[in-house]
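Residues in the sequence shown are numbered from 0 upward in steps of one, following numbering that gives the first Met the number 0.
Hints were generated in silico from the structure; no laboratory data involved. Since the structure is predicted, the reported quantities are computational estimates derived from the model, not experimental observations. Be a bit skeptical, because a hint or two may be false.
Stated by the list, open to error - Taking lysine to any residue pairs in the SDA-like style, the calculated list, with each CA pair at most 20 angstroms apart, reads:
1) 1 to 61
2) 1 to 29
3) 184 to 165
4) 1 to 13
5) 184 to 168
6) 1 to 34
7) 1 to 51
8) 184 to 101
9) 184 to 111
10) 1 to 84
11) 1 to 149
12) 184 to 155
13) 175 to 146
14) 175 to 164
15) 175 to 144
16) 1 to 47
17) 1 to 32
18) 1 to 155
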Amino acid sequence: MKHVFVTPANTLRPRWREAFPDALVVAAVEQLAVDAPAAEVAWLEASLLDAAARNAALAAASAAGYRVVLMTATPAEADAFQALNAGAVGYCHSESAPEQLREVGLVVAHGGLWMPPELVQRLMALSLRVQPQSTGPGPDLGALTPRERDVALQVALGASNREIAASLAITERTVKAHLSAVFEKLGARDRVQLALMMSQGAF
């Protein structure tokens, strides 16, 4: 999976380079087709862009076929939802740790949606307020092992992989393995969908 970072500075920050050593970098969305035609995930550093410019860049990159992750120095709930509505499939802090950037990249590259865990939790709470009762069947939690269920519940509460690992006294790699199994068994595409599914099952 090829990654390209779109940043006015036209240079990769050390943590971006550590996360994706082979990543490309361009200064503007207009350069993507020329300088990074083979890239599939575009990371848009939007801290210096106003809302109109950011949304235009998001729309252009999405229309060109890239899966766009918006990065900002000041993540906020309303901003995240606006970015997702504008075409982004991921939203994270521009100074996220390399391991978190890799996690975001993996999720969006496989067709998922990624938001910070705390925003997933707020989205789940909003869903419960809007639709307090679900008429459809909840997730088949019986298909999960006890440990997979523990991990799924932690995701529903908005915990990150690192927090889940610490809470359950397991490694982050083990958390990721359990999450992969949970996604497959429940048919969830990403953490957001999993959290909403868990809310339907009332934990």
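Hint-by-hint comparison with the structure:
Restraint check for residue 1 and residue 61: the C-alpha separation of about 15 angstroms stays at or below 20 angstroms, so the hint holds. Between residue 1 and residue 29, the direct Cα distance comes to roughly 18 angstroms. Compliance with the 20 angstroms bound is thereby established for this hinted pair. The straight-line distance between the Cα atoms of residue 184 and residue 165 is roughly 24 angstroms, outside the 20 angstroms bound, and the hint therefore fails. A threshold of 20 angstroms between alpha carbons decides the hint, and for residue 1 with residue 13 the separation of about 18 angstroms falls inside it, so the pair holds.
A threshold of 20 angstroms between alpha carbons decides the hint, and for residue 184 with residue 168 the separation of about 23 angstroms lies outside it, so the pair is violated. Among the hinted pairs, residue 1 with residue 34 is consistent with the structure: their alpha-carbon atoms are about 12 angstroms apart, no more than 20 angstroms. For the hint linking residue 1 to residue 51, the alpha-carbon distance of about 27 angstroms lies beyond 20 angstroms, and the restraint is violated. A distance of roughly 23 angstroms separates the Cα atoms of residue 184 and residue 101; the hinted pair therefore is violated under the 20 angstroms criterion.
A C-alpha spacing of about 16 angstroms is found between residue 184 and residue 111, which places the hinted pair at or below 20 angstroms, so the restraint holds. A C-alpha spacing of about 24 angstroms is found between residue 1 and residue 84, which places the hinted pair above 20 angstroms, so the restraint is violated. Straight-line distance between C-alpha atoms of residue 1 and residue 149 comes to about 33 angstroms, which puts the hinted pair past the 20 angstroms bound. Simply put, residue 184 and residue 155 have alpha-carbon atoms about 16 angstroms apart, close enough for the 20 angstroms limit, and the pair holds.
Between residue 175 and residue 146 the alpha-carbon distance is near 12 angstroms, which keeps this suggested pair within the 20 angstroms criterion. With a CA separation close to 10 angstroms, the supplied pair residue 175 and residue 164 stays within the 20 angstroms bound. With a C-alpha separation of about 15 angstroms, the suggested pairing of residue 175 with residue 144 holds against the 20 angstroms cut-off. Of the pairs offered as hints, the one joining residue 1 and residue 47 is violated, with about 24 angstroms between alpha carbons and a cut-off of 20 angstroms exceeded.
Of the supplied pair hints, the one linking residue 1 and residue 32 holds, its CA atoms being roughly 14 angstroms apart against a limit of 20 angstroms. Taking the CA atoms of residue 1 and residue 155, the gap is near 30 angstroms; set against the 20 angstroms cutoff, the hint is violated.
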